[in-house]
Amino acid sequence: NTTSILTSGVPGSTSIRRGTAFILPAKRSQDGGTETNLKGVLNGLCGSGCTKPYDYLTIDDSTPEKTVTHSSLRPLGDTGDSAIGMDIAGAYLRGPAITQYINSLGDNASWKERLTENLKEFKTDVKINGNLTVTGTCTGCGGGLGSTVNGDLTVTGKVVANSFESSGPGPWSVEGAYGAMTVAGSNKSKLGFTNNGKLAVSENAGAVTEIAKKVPQEFTYTFFDANNLLTTAVQVPSIYVNRAAAFHIVEVYCEIDAGTASINLQKNDGTTRTNILISNLACSTSGAATTAFVSGTDAIAVAQKVDHITASASGALHRINVVVKYTVD
417 NTTSILTSGV PGSTSIRRGT AFILPAKRSQ DGGTETNLKG VLNGLCGSGC TKPYDYLTID
477 DSTPEKTVTH SSLRPLGDTG DSAIGMDIAG AYLRGPAITQ YINSLGDNAS WKERLTENLK
537 EFKTDVKING NLTVTGTCTG CGGGLGSTVN GDLTVTGKVV ANSFESSGPG PWSVEGAYGA
597 MTVAGSNKSK LGFTNNGKLA VSENAGAVTE IAKKVPQEFT YTFFDANNLL TTAVQVPSIY
657 VNRAAAFHIV EVYCEIDAGT ASINLQKNDG TTRTNILISN LACSTSGAAT TAFVSGTDAI
717 AVAQKVDHIT ASASGALHRI NVVVKYTVD
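Following the working numbering, the numbering of the sequence shown begins with 417 at its first residue and continues without gaps.
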């Protein structure tokens, strides 16, 4: 059965008056703590065979004339209604817009959260404890005073930002799939993983180029005379001229075919020559190496030179191979 309580005039007419409040006491004021967590005084019962969805409480009826002329006063709802109801997942709140005020009267301006058909807007900080998944772009992320996400941030689409800074402990890393990189757009540069997972860069819309790794490199030189023995101590200026980039020598290696020999290197800055090795390196047929350098001499700047010194040589010596291993600064 349907009971209508209509005491303030016919809805939709100009004679609607302010209604009298309907007050339902929540519970006894002196319950001694025995009546906590009771079900509400307004209870929407729906039996085991009840179908959903349905509106339980219509807060604002967008078509009041249709309602009051309906035989049960409960016609089908309209999309313009504001209502509280139930669907198969649980309670819902629907309306043309859903607005929440905190410590404020409704004034169409002081709200903290508003949901409309096209926008969910907050006028307060948002804190997320857990994962945040964004499908699409994130406009303005990181702007203003910034936001903090505790947990993983999963984004399906691009993350567009003016800058990125890692402030957490431990090493910083980026992991992603790789493939054929394209050049950066005009007046832009790009960093990424190209074919075979190589780290590469496109600088100022230039060609995609693999980034040089800071790993040891080397240069080699050889003294060889098939007809005569190498038995003369000799100094060879400018055996290597650095025209590329500053580097540090990390190892000097010497190999001979027979006999005995000892060598050293000198750093030549154009004014002075300084021994690089703390002591002469005794070469051998199986190869010998040293990493003991005079402090500061292992650093070779651009335009500086490396000289060779054969400190001693004797026996059936026809060949001396020298390998200088270095890392680019």
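The hints are simulated quantities; they were obtained by calculation from the structure and are not laboratory data. Check before you lean on any hint, since a few could be wrong.
What the hints assert, rightly or not - In silico lysine to aspartate or glutamate, DMTMM-like type, Cα no more than 20 Å apart, as pairs: (1) 468 / 497; (2) 468 / 523; (3) 741 / 634; (4) 629 / 641; (5) 543 / 533; (6) 630 / 503; (7) 629 / 619; (8) 482 / 503; (9) 539 / 523; (10) 741 / 619; (11) 614 / 581; (12) 741 / 671.
Is it true that the CA of residue 482 sits at most 20 Å from the CA of residue 503? violated, 24 Å
Between residue 468 and residue 523, is the straight-line Cα distance small enough, at 20 Å or below? violated, 34 Å
Regarding the pair residue 543 and residue 533, is the alpha-carbon distance no greater than 20 Å? Roughly 23 Å between the alpha carbons, so the hint for residue 543 and residue 533 is violated.
Measure nothing beyond the straight line between the CA atoms of residue 629 and residue 619; if it is 20 Å or shorter, mark the hint as holding. holds, 17 Å
Need the status of pair residue 741, residue 634: alpha-carbon distance at most 20 Å? holds, 4 Å
Between the alpha carbons of residue 629 and residue 641, is the straight-line distance 20 Å or under? violated, 37 Å
Assess, step by step, whether the Cα of residue 614 is no farther than 20 Å from the Cα of residue 581, and give holds or violated. Not OK: residue 614 and residue 581 at ~23 Å, beyond 20 Å, violated.
Hinted pair residue 741 and residue 619, Cα distance within 20 Å: Distance ~29 Å between residue 741 and residue 619 Cα, so the pair is violated.
Would you mind confirming whether the straight-line C-alpha gap from residue 468 to residue 497 stays at or under 20 Å? holds, 17 Å
So if I understand the rule, the pair passes when the alpha-carbon distance is 20 Å or less; does residue 741 with residue 671 pass? holds, 14 Å
Satisfaction of hint between residue 503 and residue 630, Cα-Cα up to 20 Å: With a Cα-Cα distance of about 62 Å, the restraint between residue 630 and residue 503 is violated, given a limit of 20 Å.
With a cut-off of 20 Å on the C-alpha distance, tell me whether residue 539 and residue 523 pass. Holds, at about 15 Å.
Going down the numbered hints, you'll see the structure goes against 2, 4, 5, 6, 8, 10, 11, while the others check out.
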